[in-house]
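> Note that the protein sequences, when read in sequence, are chains A and B.
If you count by the working numbering, then the first sequence holds residues 304 to 627, one letter each, in order.
If you count by the working numbering, then the second sequence holds residues 304 to 627, one letter each, in order.
Be aware that one or more of the hints could be misleading.
It does not matter which identical chain is meant; a pair holds if it fits inside one copy or across any two.
[Unchecked claim] Straight-line alpha carbon distances no greater than 25 Å define the calculated SDA-like cross-link-like pairs of lysine to any residue that follow:
#1 K382 / P575
#2 K391 / D355
#3 K336 / E521
#4 K391 / S406
#5 K382 / D355
#6 K336 / I352
#7 K336 / R596
#8 K391 / H410
#9 K382 / A496
#10 K391 / E360
#11 K336 / Q361
Hints listed in this document are in silico derivations from the structure and should not be mistaken for laboratory results.
If you want the building blocks of each chain, they are given just below.
There are 2 protein chains.
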Amino acid sequence: MTGGAGCIGSDLAEVLLSRGDRVRVIDNLSSGKVEHIEALLPNPNFRFIEADLLHREQWDDALDGVDMVYHLAANPDVKFTLGDATDKDLQQNLIVTYNLLESAREHGIRRFAFASTSAIYGISPVQPIPENVSPRPISLYGATKLGCEAMISAFSQLFGMQCWVLRFANIVGPKVRKRGRTVISDFLHNLAANPGRLQILGNGHQAKSYLLSNECVEAILYVVEHAHDPFNVFNLGGDDSLSVRRIADIVIGAMGLEDVELAFTGGEGGWPGDVPRFTLDVAAINALGWRARHTSEEAVTTAVHQTMHAAGISRAGELPACRQ
Amino acid sequence: MTGGAGCIGSDLAEVLLSRGDRVRVIDNLSSGKVEHIEALLPNPNFRFIEADLLHREQWDDALDGVDMVYHLAANPDVKFTLGDATDKDLQQNLIVTYNLLESAREHGIRRFAFASTSAIYGISPVQPIPENVSPRPISLYGATKLGCEAMISAFSQLFGMQCWVLRFANIVGPKVRKRGRTVISDFLHNLAANPGRLQILGNGHQAKSYLLSNECVEAILYVVEHAHDPFNVFNLGGDDSLSVRRIADIVIGAMGLEDVELAFTGGEGGWPGDVPRFTLDVAAINALGWRARHTSEEAVTTAVHQTMHAAGISRAGELPACRQ
Numbered sequence: 304m305t306g307g308a309g310c311i312g313s314d315l316a317e318v319l320l321s322r323g324d325r326v327r328v329i330d331n332l333s334s335g336k337v338e339h340i341e342a343l344l345p346n347p348n349f350r351f352i353e354a355d356l357l358h359r360e361q362w363d364d365a366l367d368g369v370d371m372v373y374h375l376a377a378n379p380d381v382k383f384t385l386g387d388a389t390d391k392d393l394q395q396n397l398i399v400t401y402n403l404l405e406s407a408r409e410h411g412i413r414r415f416a417f418a419s420t421s422a423i424y425g426i427s428p429v430q431p432i433p434e435n436v437s438p439r440p441i442s443l444y445g446a447t448k449l450g451c452e453a454m455i456s457a458f459s460q461l462f463g464m465q466c467w468v469l470r471f472a473n474i475v476g477p478k479v480r481k482r483g484r485t486v487i488s489d490f491l492h493n494l495a496a497n498p499g500r501l502q503i504l505g506n507g508h509q510a511k512s513y514l515l516s517n518e519c520v521e522a523i524l525y526v527v528e529h530a531h532d533p534f535n536v537f538n539l540g541g542d543d544s545l546s547v548r549r550i551a552d553i554v555i556g557a558m559g560l561e562d563v564e565l566a567f568t569g570g571e572g573g574w575p576g577d578v579p580r581f582t583l584d585v586a587a588i589n590a591l592g593w594r595a596r597h598t599s600e601e602a603v604t605t606a607v608h609q610t611m612h613a614a615g616i617s618r619a620g621e622l623p624a625c626r627q
Numbered sequence: 304m305t306g307g308a309g310c311i312g313s314d315l316a317e318v319l320l321s322r323g324d325r326v327r328v329i330d331n332l333s334s335g336k337v338e339h340i341e342a343l344l345p346n347p348n349f350r351f352i353e354a355d356l357l358h359r360e361q362w363d364d365a366l367d368g369v370d371m372v373y374h375l376a377a378n379p380d381v382k383f384t385l386g387d388a389t390d391k392d393l394q395q396n397l398i399v400t401y402n403l404l405e406s407a408r409e410h411g412i413r414r415f416a417f418a419s420t421s422a423i424y425g426i427s428p429v430q431p432i433p434e435n436v437s438p439r440p441i442s443l444y445g446a447t448k449l450g451c452e453a454m455i456s457a458f459s460q461l462f463g464m465q466c467w468v469l470r471f472a473n474i475v476g477p478k479v480r481k482r483g484r485t486v487i488s489d490f491l492h493n494l495a496a497n498p499g500r501l502q503i504l505g506n507g508h509q510a511k512s513y514l515l516s517n518e519c520v521e522a523i524l525y526v527v528e529h530a531h532d533p534f535n536v537f538n539l540g541g542d543d544s545l546s547v548r549r550i551a552d553i554v555i556g557a558m559g560l561e562d563v564e565l566a567f568t569g570g571e572g573g574w575p576g577d578v579p580r581f582t583l584d585v586a587a588i589n590a591l592g593w594r595a596r597h598t599s600e601e602a603v604t605t606a607v608h609q610t611m612h613a614a615g616i617s618r619a620g621e622l623p624a625c626r627q
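Excised from the complex, chain A in its bound form (with noise of 0.2 Å):
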């Protein structure tokens, strides 16, 4: 597995290990954490290797006997921001990709699942989207994970590799993430910071889905059990979507918080290549018998209470210890 010790590859890992699997994770932790993979450290059947995808000295052997490929990890930085290197989605997704894709081919893997995500869509004139659109990426980030996909259906079909595509929603849970990385994590951290005043990123009406980590860990593991194409696609998610002021709203409840003003930055979308508004179609992961058990709502409130517990924020409280 790549990006294991990710908030969902670390969560995936410790299913696998349950399950009696012997898992290798590969992470070069430049957002994933040791934390994170910790307690499963000391399980003979797990092995940790630190090493960077884009170098496949460092961890070609690692792929040696492995049935399957889980490939989670991914430039982590959807967001775009004028200024920024345009080719960090090009090295971390696509580059990566297609070195775990050869290595894989290389050593007679034929199981391959990757962790693909909405933003390949987006702005849809269909809504809800179902797998079937034609994706129109507006990300640099969603536009490399297509490019992913695209090889992956080559390498499926050239070598004889049985792949499941997952396009995830926006995955939450109660892993601590840097500042910048998700809506929760960024109002929880700067309401601690400064509990009067609440940066909005866009006009607030920005509306996506969401989805919790442990159920995400779960529909992966579902749509590899049950779907048995050669190539198969899945949108991972639930039907419905929340908003980012109403994110606000739970965030600032949750803290125990009043009278926060609320500054919004205006536009849109919250960033250059930001999605504003989309819900998926979940009928085919559904009719494959695989539901979410909460909506974007209670998701997103669920993973903020987790949040502030794992990071030590109290009601109306201070972030004591940002894991950074």
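Using the hints provided, position chain B relative to the given structure of chain A.
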């Protein structure tokens, strides 16, 4: 323009010059040929830069003062043979396209046209294939071209570039191409060498859409002039298809041969990643006001005769000077 010493690129350069444009061609001559642009070299409005698009320092200056990029360079080996390097398309299509987009962005170039391919669609359940189906490429060539499209879409949105993505049918024309690159050049070369027997990859039932190179150039310019969205995607071809078996008959007839034994290698596709049968839905480009003047059969017949003439192949004759 990139790939301007290629078959289509050199035709496009000629038309642009004839209407008074200044044209700079970047080509590494890996498949393009100086002879294709020899006639253009004395034109003061023409400049040729022999450079490798993977190495930006070799050509970056050539984008100074340019107001539009036509990006036609690509790995021309659509065919993939088991044992080939799997990263050629990644390098020559994806990384090259990123390099060019990034240079164009830094040079403030606001218009970008891209030669994409019907190979992005893979084996589409919808026939004829409209632009808005969900693509599922089965070749590395198609996969990386789709990845390029996705990056162009993101650059268009993020940096305000107006872009045209043109998904070409199979383009045929008079310029002699290397053996193994096109079905016409293959058949002509092979029959010139052995007039008694012709090997046909696959079962011969493969049927694709063909368009003459000069009509392709005309269509590119028409779409760029008439499609005004920030991001424009068009299939570029006619609305029919032609079987490989029928092409063999056309070539054999044109060469005046008789009693040629046809040896089929068998299988649905001609090579790994080949899309055996497709027709393009060209309603969008027709609605814009452009329509192919020749059917696929007429296009191939014309190209066969043009190629025989250019290569010096006479009826029932030998290939005296096959220019590789």
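> Each hint should be assessed against the structure and marked as holding or not.
Status of each hint after checking the structure:
1. K382 / P575: So K382 and P575 pass the 25 Å test inside one copy only (7 Å; across, 38 Å).
2. K391 / D355: both (14 Å within a copy, 22 Å between copies)
3. K336 / E521: within (22 Å within a copy, 55 Å between copies)
4. K391 / S406: both (21 Å within a copy, 16 Å between copies)
5. K382 / D355: Within one copy, since 22 Å is at most 25 Å while 32 Å is not.
6. K336 / I352: Answer is within: at 13 Å inside a copy they meet the 25 Å cutoff, but 48 Å across does not.
7. K336 / R596: For K336 and R596, the Cα distance exceeds 25 Å both inside one copy (28 Å) and across copies (61 Å).
8. K391 / H410: between (27 Å within a copy, 20 Å between copies)
9. K382 / A496: within (22 Å within a copy, 58 Å between copies)
10. K391 / E360: both (21 Å within a copy, 20 Å between copies)
11. K336 / Q361: Classified as within: same-chain Cα gap 19 Å, cross-chain 41 Å, threshold 25 Å.
When held up to the earlier numbered hints, the structure conflicts with hint 7 and nothing else.
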